[in-house]
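2 protein chains.
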Amino acid sequence: MRYEARLSGSGGQGLILIGIILAEAVGIYDGKNVVQTQSYGPEARGGASKSEVIISDETIYYPKATRLDLLLCMNQKSCDEYYLDLKKDGILIVDSSLVHQVPTNQVYQIPFTHLAKEELGKAFVANIIAIGAIAEISKVVKESSLTEAVLKRVPPWSAELNKKALSIGIEQGKKAAASLKLSRI
Amino acid sequence: MRYEARLSGSGGQGLILIGIILAEAVGIYDGKNVVQTQSYGPEARGGASKSEVIISDETIYYPKATRLDLLLCMNQKSCDEYYLDLKKDGILIVDSSLVHQVPTNQVYQIPFTHLAKEELGKAFVANIIAIGAIAEISKVVKESSLTEAVLKRVPPWSAELNKKALSIGIEQGKKAAASLKLSRI
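Those protein sequences? They're chains A and B, same order as listed.
Count along the first sequence starting at 1, add 38, and that's the number in this note's numbering.
Count along the second sequence starting at 1, add 38, and that's the number in this note's numbering.
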């Protein structure tokens, strides 16, 4: 088993943080081997950000993601740029408040940033809503492990806010899955 | 040019944060190619933590550190375990408040945790003192880039504290270098 996830968007959206949270949830609490990576090159100067998580039952010799099982896109540019790296049956999840042109109809569209602002009054928890949705849709991490990992990495004053963001993400993941299923009939 | 650094110690010492800060300083502000990595395996369950930064002028195809140019050890266990991965002329820096047995006399010994507590009253900035010392000793990153990257990644209320921690690290790096030079005579 090897599972490759890429979390992409703009700098400042907290994609590195949710990469670390996902890696710690699966690596420390679920007991798998995980490598979590950020790469900086010319594109980083343009504010683009991507964070990768590779999960395996075995030792990971090659820690770069090349054929993605899961791709999260928090802006249009990352969706345009990375969609081709997604496997045929890979999971594409986009922030539909920021990504308006999707390359396929096999896509989970959730307005993470809009929900973070409207439901919680804090745009910066859009990333935590997204990681909740990822857990629900992909089943790659246990919800309890994810909650533990989130609470370990966020400031104590924001624990309740982040727990709410996770629940919204999980609930929205369910909704998006149901609506994608319907559209397939 | 390829430069491999590993920052190691216990979970909770902020080694992932300083890995990201070093990577962003060099990758975004100094304009090099950088890959920054965390690996989680059986050892992560014991609370061990390591964060790696690979820097290159060219595209990085293999993002794992195998022959270290620089090793930071913030506890005894990481020093015992990783010293053999250091190149012959590689730089070894240890937190001498926590690492009491060193494997060589070619070592920069700085009491990061002690300094953080005594000089700044906050043990948690030991990691920022360490990254300051790393910059001074290794010259792998510009001081101005490092300061920018630190200020981007820490909460605004702690900007002054972190700037002081960086200066202490730089000053201590100079001292440790001078004392290592003396011991070589």
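Hints may contain errors.
One copy or two, it doesn't matter: identical chains are merged, so the pair holds either way.
[To be verified] Pairs of lysine-lysine residues, derived as PhoX-like cross-links and limited to a Cα-Cα distance of at most 25 Å, are as follows:
#  : residue 1 : residue 2
1  : Lys126    : Lys201
2  : Lys155    : Lys190
3  : Lys190    : Lys160
4  : Lys125    : Lys155
5  : Lys160    : Lys102
6  : Lys125    : Lys202
7  : Lys213    : Lys102
8  : Lys219    : Lys126
9  : Lys115    : Lys201
10 : Lys202    : Lys126
Hints were generated in silico from the structure; no laboratory data involved.
Each hint, compared with the structure:
| no. | hint | result |
| --- | --- | --- |
| 1 | Lys126 x Lys201 | neither (33 Å within a copy, 48 Å between copies) |
| 2 | Lys155 x Lys190 | both (23 Å within a copy, 23 Å between copies) |
| 3 | Lys190 x Lys160 | both (20 Å within a copy, 19 Å between copies) |
| 4 | Lys125 x Lys155 | neither (32 Å within a copy, 50 Å between copies) |
| 5 | Lys160 x Lys102 | neither (32 Å within a copy, 37 Å between copies) |
| 6 | Lys125 x Lys202 | neither (32 Å within a copy, 48 Å between copies) |
| 7 | Lys213 x Lys102 | neither (31 Å within a copy, 39 Å between copies) |
| 8 | Lys219 x Lys126 | within (17 Å within a copy, 58 Å between copies) |
| 9 | Lys115 x Lys201 | neither (29 Å within a copy, 35 Å between copies) |
| 10 | Lys202 x Lys126 | neither (33 Å within a copy, 51 Å between copies) |
Against the hints set out earlier in the document, violations occur for numbers 1, 4, 5, 6, 7, 9 and 10.
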